Amino acid sequence: MARVMRNFVERHTFWAIVLLLVVALFLLMIFAVWPDWLVEAMGRKKTFVNTLLNGITLGGLYFLVASGFTLIFGLMRNVNLAHGSMYLLGAYIGYEVADRTGNWFLGLAVAFVAVALSGILLQVLIFRRMADDDLRQTLVTIGISIIAADAMLAIWTGTTYQFSPPDWLFGATTLPVVSVVKSSGAAVYIKYPVFRLVVLAIAVAVGIGLWVFLNRTRIGMMIRAGVNDREMLSASGVNVQLVFVLVFAIGAGLAGFAGVIGGTALSVAPGEDIRYLLASLVVVIVGGLGSISGAAIGALIIGLAEQFGLAYFPTYGVVLTFLIMVVVLAVRPQGLMGGR
Amino acid sequence: MGKLKHLLAATVALSLAGPAVAAAEDIKMGALATLEGAFTALGEDGLRGVKLALEEFDYMAGGKKIELITGSSDASPDSAIRAVRKLVEQDKVQLVIGPLSGSEGLAVKDYAKTQPNVTFLNGSSAAQDTTLRSPAENFFRFNTEGAQWMAGLGEYAYNEKGYRNVAVLAEDYSFPYTQVFGFLEPFCRLGGKSAIDARFWVPIGNKDYSSVIAALPDDVDAIFVALGGADAVNFLTQYEQSGGDLPLIGGSITVDQSVLGSKGKARSFVVGTPSAGPVSDTWDDPRWKEFVGAYQKAFPDGFPSPSLFAHAYYVNTKAALLALNEVNGDLSDGEKKFREALSKLSFETPTGMVSVDERRNAIADIFLTEVSEGPDGNLLNKTIKVIPQVNQTLGVSYDKFLEYGQVGRENPTCG
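Protein chains in written order, with this note's numbering: chain A, 1 to 340; chain B, 1 to 415.
Do not take every clue at face value.
The calculated label-pair distances, taken between Cβ atoms and stated as ranges, are [as the list claims (entries may be wrong)]: (1) Val181/A <-> Phe269/B: 48 to 56 Å; (2) Leu121/A <-> Glu155/B: 58 to 66 Å; (3) Thr315/A <-> Asp399/B: 25 to 33 Å; (4) Val327/A <-> Arg133/B: 34 to 42 Å; (5) Leu106/A <-> Glu155/B: 46 to 54 Å; (6) Arg218/A <-> Gln90/B: 57 to 65 Å; (7) Pro286/B <-> Thr315/A: 45 to 53 Å; (8) Tyr398/B <-> Ile147/A: 45 to 53 Å; (9) Thr315/A <-> Phe269/B: 26 to 34 Å.
In silico DMTMM-like cross-links for lysine to aspartate or glutamate, where the CA-CA straight-line distance does not exceed 20 Å [to be verified]: (10) Lys289/B <-> Glu25/B; (11) Lys92/B <-> Glu25/B; (12) Lys92/B <-> Asp284/B; (13) Lys191/A <-> Asp218/B; (14) Lys191/A <-> Glu56/B; (15) Lys263/B <-> Asp99/A; (16) Lys46/A <-> Glu348/B; (17) Lys289/B <-> Asp219/B; (18) Lys182/A <-> Asp333/B.
By construction, these hints were calculated from the structure, which means they are not laboratory data. Being a predicted model, the structure only gives us computed values, none of them experimental. Even glycine gets a Cβ: it sits at the ideal position worked out from N, Cα and C.
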């Protein structure tokens, strides 16, 4: 990691300085009390800090969904358009378990395992039969997502579901960030929902976990080798099919896991599958298909764009996301972190 | 052998022709509702209303059997047009019940003008201009619309609650425009304020409201919220999560059963939120109680109490069936007699008498309500007041009402 950073600084000194300045500016804007002229120009500080945090935490949620998506694509060159359905399936299964046992964490675990199993079934029963036929795989996954959406609508109806996380995860906490100083001299601190911070922590943990898994373990090494050259890997005696199944299970399981997290932070309803599939697609297009770090950067950018759009120009906020996608496609078609 | 073959052929031909002949005598009714997207739960309840009315008539009207064909949209105008075209042009329905959402209604009204031989009855869509400006001859709306639904709420917020300055949070399309207009028009005329930059318009299906919540101003007395379905559930949860403490004023579908009856964490902090609309869960009237009883019996997995969508679809379907009975199922001559009967129709609904004006929009009673906790922990809308027979121009003349201008993000300005 440190070496990568040093390389970057040496190769792009100018951009490294710009990046540092931007980060410093953001930190200053978060912790300093805003003078009147800034409030005049940008609105209240509370809005800005909250929006920034919302963008980062939403980015965390997008990363959880998109990391599985990009992992599967990276290894198998297979755009799994049923990824959104796995998100929704995980959310519903998690809800059923959490509702019946009263244990939210159990719901989270079961959602991961159950959706990972469904991913294994999908890989063994369907994708293995049509390896190396991208168009067929794409069409089949679209078909599966449509059938799954209708089946889930039949079972869970169109009602909106909401998880009940443990009480210590619900509610707001006070951040050590001053919003305004009242005329009496008392400082008003910013409040923020606890669960969203938890989402961010989980996303960071999953990100680090995936990085360690891919870069520091034997299986991770096989996966990376498979990404670079599948034929070579199987020629050197590795059971590639088994690696595929494992990756598919992890990718699908992460989607199901994200379903419970996202369903708790926001809510579960029909149509979520398409929404998160679209979000994942935009995230990996911006970040670069097949790259975990690309998914993290893409998710962060899209999450921030969505939230700042919503807070500062709500009517046209949606455009911002796609504007970013268009710019990235025009300037760097392989995505920010994508290889050639 | 040859004879037997002919006999067989004839039998087969007859058995095939049999139902086809009978089908020609049936009346085909199309029902269009949002069975996809953020408003799915609402659309499902709308169809419950259609079925309730049909079952009441045993699927018979004017001596003919009614065949129901459903179509699905996702609350966007183009999906509604796709679905209604399929119903009219492929399934050859003779009348359509629907759509559900405001902008869908505007689109279907324009489509109705191109299909003069089919009669359209609204589902629950409640944008003002569906019937107010350039209405279609063959589009009837037996439910009241968004501005009518707000009758009495602006006055109540100003006089009884004492609010003087409100922020607005609503979805960005024709129905919430209509609701905001209906609420603000009397509120601002009394002297209330709602600055243009304190009005937040979000797209339908938006999930994450935390940034909008952070941007809400502190110096207002209350927030008028006009969101529906999953959008409203998301907002209410996130508002509670972020420790929001401003009182809310609810749009008609923001605190109705499709939101209060959703699964999961109880939203008890909305208790006391005033709202207004075409139904009230606890209205102490035998007609309403009978309707609620029939709904609960027919749909044990429905909401605890029928939502305004079930009610609106029920009323429109029932109007169609009553008019069909009146003309003995005569839909000849471009359904002329049927439409005349509809125009003159005045009938008892679960919420009182309903009739239509000269632009075929309903005149009906409106309920001023407040969210309260029911006996078994359900949240219900308690009746505070019934405002009798509200018409679309809210009591003033048609020409004067047009001067208020088209509903939109900045109408009324109310600075």
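Status of the hints after comparison with the structure:
no., hint, result
1, Val181/A <-> Phe269/B: 48 to 56 Å, "violated (30 Å)"
2, Leu121/A <-> Glu155/B: 58 to 66 Å, "holds (60 Å)"
3, Thr315/A <-> Asp399/B: 25 to 33 Å, "holds (32 Å)"
4, Val327/A <-> Arg133/B: 34 to 42 Å, "holds (40 Å)"
5, Leu106/A <-> Glu155/B: 46 to 54 Å, "holds (51 Å)"
6, Arg218/A <-> Gln90/B: 57 to 65 Å, "holds (59 Å)"
7, Pro286/B <-> Thr315/A: 45 to 53 Å, "holds (46 Å)"
8, Tyr398/B <-> Ile147/A: 45 to 53 Å, "holds (51 Å)"
9, Thr315/A <-> Phe269/B: 26 to 34 Å, "holds (29 Å)"
10, Lys289/B <-> Glu25/B, "violated (36 Å)"
11, Lys92/B <-> Glu25/B, "holds (13 Å)"
12, Lys92/B <-> Asp284/B, "violated (42 Å)"
13, Lys191/A <-> Asp218/B, "holds (14 Å)"
14, Lys191/A <-> Glu56/B, "violated (53 Å)"
15, Lys263/B <-> Asp99/A, "holds (10 Å)"
16, Lys46/A <-> Glu348/B, "violated (52 Å)"
17, Lys289/B <-> Asp219/B, "violated (42 Å)"
18, Lys182/A <-> Asp333/B, "violated (74 Å)"
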